[in-house]
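S.K.: One-letter residues, chain by chain:
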Amino acid sequence: MHFDWSTLVLQTVNVLVLLWLLRRFLFRPVVAIVAERKAAAEKLLSDAAAVREEAQAQRAEAVARDQALTADRDHVLADAHSAAETERAALLAQARQEVTQTREAARITQARENADMRQALEAEAQDLAVTIVSRLLGRLPSGTIDTVLMQSLDGWVGSLHADDLRGLTEDDGPLVVTTSGPLSEPVQAMLRQRLGDGTLQFKIDPSLILGIEVMGVHACLRNNWRADLDRIAKELKQDDKPIILA
Amino acid sequence: MGSPLSLHIAFYIGPVAVSTPVLVTWVIMLLLSGGAWLLTRRLSIHSSSRQAALEVVVGAIEVQIRDTMRTDPAPYLPLIGTLFLFTFTANWSSLLPGAEPPTAHIETDAALALIVFFAVGYYGIKSRGLRGYVATFAEPSILMIPLNLIETITRTFSLVVRLFGNVMSGVFVVGIVLSLVGLLVPVPLMALDLLTGAVQAYIFSVLAMVFIAGVLGPDSETKQQEGK
Numbered sequence: 001m002h003f004d005w006s007t008l009v010l011q012t013v014n015v016l017v018l019l020w021l022l023r024r025f026l027f028r029p030v031v032a033i034v035a036e037r038k039a040a041a042e043k044l045l046s047d048a049a050a051v052r053e054e055a056q057a058q059r060a061e062a063v064a065r066d067q068a069l070t071a072d073r074d075h076v077l078a079d080a081h082s083a084a085e086t087e088r089a090a091l092l093a094q095a096r097q098e099v100t101q102t103r104e105a106a107r108i109t110q111a112r113e114n115a116d117m118r119q120a121l122e123a124e125a126q127d128l129a130v131t132i133v134s135r136l137l138g139r140l141p142s143g144t145i146d147t148v149l150m151q152s153l154d155g156w157v158g159s160l161h162a163d164d165l166r167g168l169t170e171d172d173g174p175l176v177v178t179t180s181g182p183l184s185e186p187v188q189a190m191l192r193q194r195l196g197d198g199t200l201q202f203k204i205d206p207s208l209i210l211g212i213e214v215m216g217v218h219a220c221l222r223n224n225w226r227a228d229l230d231r232i233a234k235e236l237k238q239d240d241k242p243i244i245l246a
Numbered sequence: 001m002g003s004p005l006s007l008h009i010a011f012y013i014g015p016v017a018v019s020t021p022v023l024v025t026w027v028i029m030l031l032l033s034g035g036a037w038l039l040t041r042r043l044s045i046h047s048s049s050r051q052a053a054l055e056v057v058v059g060a061i062e063v064q065i066r067d068t069m070r071t072d073p074a075p076y077l078p079l080i081g082t083l084f085l086f087t088f089t090a091n092w093s094s095l096l097p098g099a100e101p102p103t104a105h106i107e108t109d110a111a112l113a114l115i116v117f118f119a120v121g122y123y124g125i126k127s128r129g130l131r132g133y134v135a136t137f138a139e140p141s142i143l144m145i146p147l148n149l150i151e152t153i154t155r156t157f158s159l160v161v162r163l164f165g166n167v168m169s170g171v172f173v174v175g176i177v178l179s180l181v182g183l184l185v186p187v188p189l190m191a192l193d194l195l196t197g198a199v200q201a202y203i204f205s206v207l208a209m210v211f212i213a214g215v216l217g218p219d220s221e222t223k224q225q226e227g228k
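In order, the protein sequence lines correspond to chains A and B.
Just so we're aligned, residue 1 is where the first sequence starts under this note's numbering, counting upward by one.
Just so we're aligned, residue 1 is where the second sequence starts under this note's numbering, counting upward by one.
No lab work stands behind these hints: they were computed from the structure.
Quick reminder that beta carbons are idealized off the backbone N, C-alpha and C, glycines included.
Do not rely on the hints blindly, as some may be mistaken.
[Said to hold, decoys possible] Covered by chain B, per the in silico footprint, the following chain A stretches (three or more residues, Cβ under 8 Å): (1) 10 to 18; (2) 22 to 29; (3) 35 to 46.
[Stated by the list, open to error] From the derived model, a few chain B residues whose C-beta atoms are all more than 12 Å from chain A: (4) R41; (5) A138; (6) L147; (7) V177.
Can you make the complete structure from the sequences, with help from the hints?
M.R.: Structural data, given as structure tokens:
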């Protein structure tokens with residue numbers, strides 16, 4: 001058996017060269033491509049995980065947005081409902097107020113119209129009463145009127161209270177006796193007798209219709225139909241109670 | 001067919017005699033390197049069947065390194081992989097008519113064992129430093145230094161003798177049977193020789209890994225665990 005040293009050296013070099021060649025052309029490329037695939041797979045998994053997380057985040061965001069929209073919708077509906085309720089209440093209140101005002105205005109208008117109508121009717125009734133009385137009196141003979149007037153004046157003056165007569169006559173001023181028509185001498189004499197023969201002045205005022213009005217400086221006594229009619233009309237204006245004539 | 005123990009000189013390059021094992025080794029180098037170049041020309045993430053087979057082979061070597069050495073296989077993959085592929089291919093080169101396995105000659109086995117011997121020293125110094133590597137000869141006791149030195153040398157010789165003896169004996173037996181009986185009878189023995197060659201390539205690589213792992217520091221195992 002022979003040991004060839006040159007073969008040993010050549011084979012050692014050959015194996016070392018083969019080591020370099022396989023390292024260069026086999027192991028390094030294969031290891032690199034495996035590592036590259038592994039990195040790509042890890043990147044793919046990482047990207048997938050990132051995409052999944054992003055999808056989950058987007059899903060959560062969508063759910064949150066949906067919930068927010070639902071909350072907003074409910075809030076808007078509640079606000080709209082509340083506003084509509086408030087508006088309805090305001091409109092109802094306004095309508096009620098307008099109805100009340102319209103009713104009040106109608107009532108006032110009605111009352112005013114009633115008052116005007118009543119006043120007109122009263123004035124018309126007063127005028128009618130004056131006309132009726134005037135016509136009735138015009139149909140009576142003048143002597144009858146004087147007799148009636150004198151009896152009426154006699155009775156009226158006789159019924160006057162002493163204080164009233166004193167109030168008329170205690171001043172020094174003249175007493176003005178106004179009648180609806182000219183007084184006869186007996187009536188004037190009777191009045192001078194009853195009211196004192198001072199400064200009596202006699203006047204005629206047809207508007208008195210029938211009766212007398214004695215006016216002193218500080219007092220006035222009326223007993224004529226015009227005064228009665230005026231009193232009745234005044235009482236009618238004061239209240240709506242029926243007039244009870246004495 | 002001559003004796004396996006004799007070395008046939010194919011030709012001379014100047015004063016250098018090129019023996020037949022060297023010539024076969026060159027052919028093997030050409031096949032392995034050319035095949036590797038062809039197969040790795042168009043590597044892609046989306047691997048083809050050939051690329052997948054290549055990755056399976058490299059991956060299996062990596063797994064074997066990791067399981068045997070308990071460390072990251074990347075620094076040792078080219079050496080261990082080359083040793084295995086070359087030894088395997090050389091042992092199986094007897095399939096080619098007229099070719100004789102280079103590993104059936106002790107010079108080739110000695111060259112492989114010499115590379116393992118220096119690789120052990122290189123990785124030991126790289127891992128532990130020169131002082132640390134030298135200190136490994138005093139483990140577990142300083143009294144073990146002579147024995148450890150002898151062991152370092154003898155285990156290298158054991159690598160040589162083991163591979164040379166198995167491969168050479170296979171070639172020897174096949175040659176004897178072939179010369180005595182003739183056709184077809186040596187086929188089972190040749191198949192057995194192929195099995196022996198594959199097993200010896202595996203054993204040679206595993207022993208190389210064991211020897212290298214024996215001189216690595218404890219950091220390498222820690223790094224491996226951290227890597228996992």
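S.K.: With reference to the structure, classify each hint as holding or not holding.
M.R.: We went through each hint and held it up to the structure:
no. : hint     : verdict
1   : 10 to 18 : holds (count 8)
2   : 22 to 29 : holds (count 7)
3   : 35 to 46 : holds (count 3)
4   : R41      : violated, 9 Å
5   : A138     : holds, 30 Å
6   : L147     : holds, 27 Å
7   : V177     : holds, 22 Å
The structure fails hint 4 only (numbered hints given earlier).
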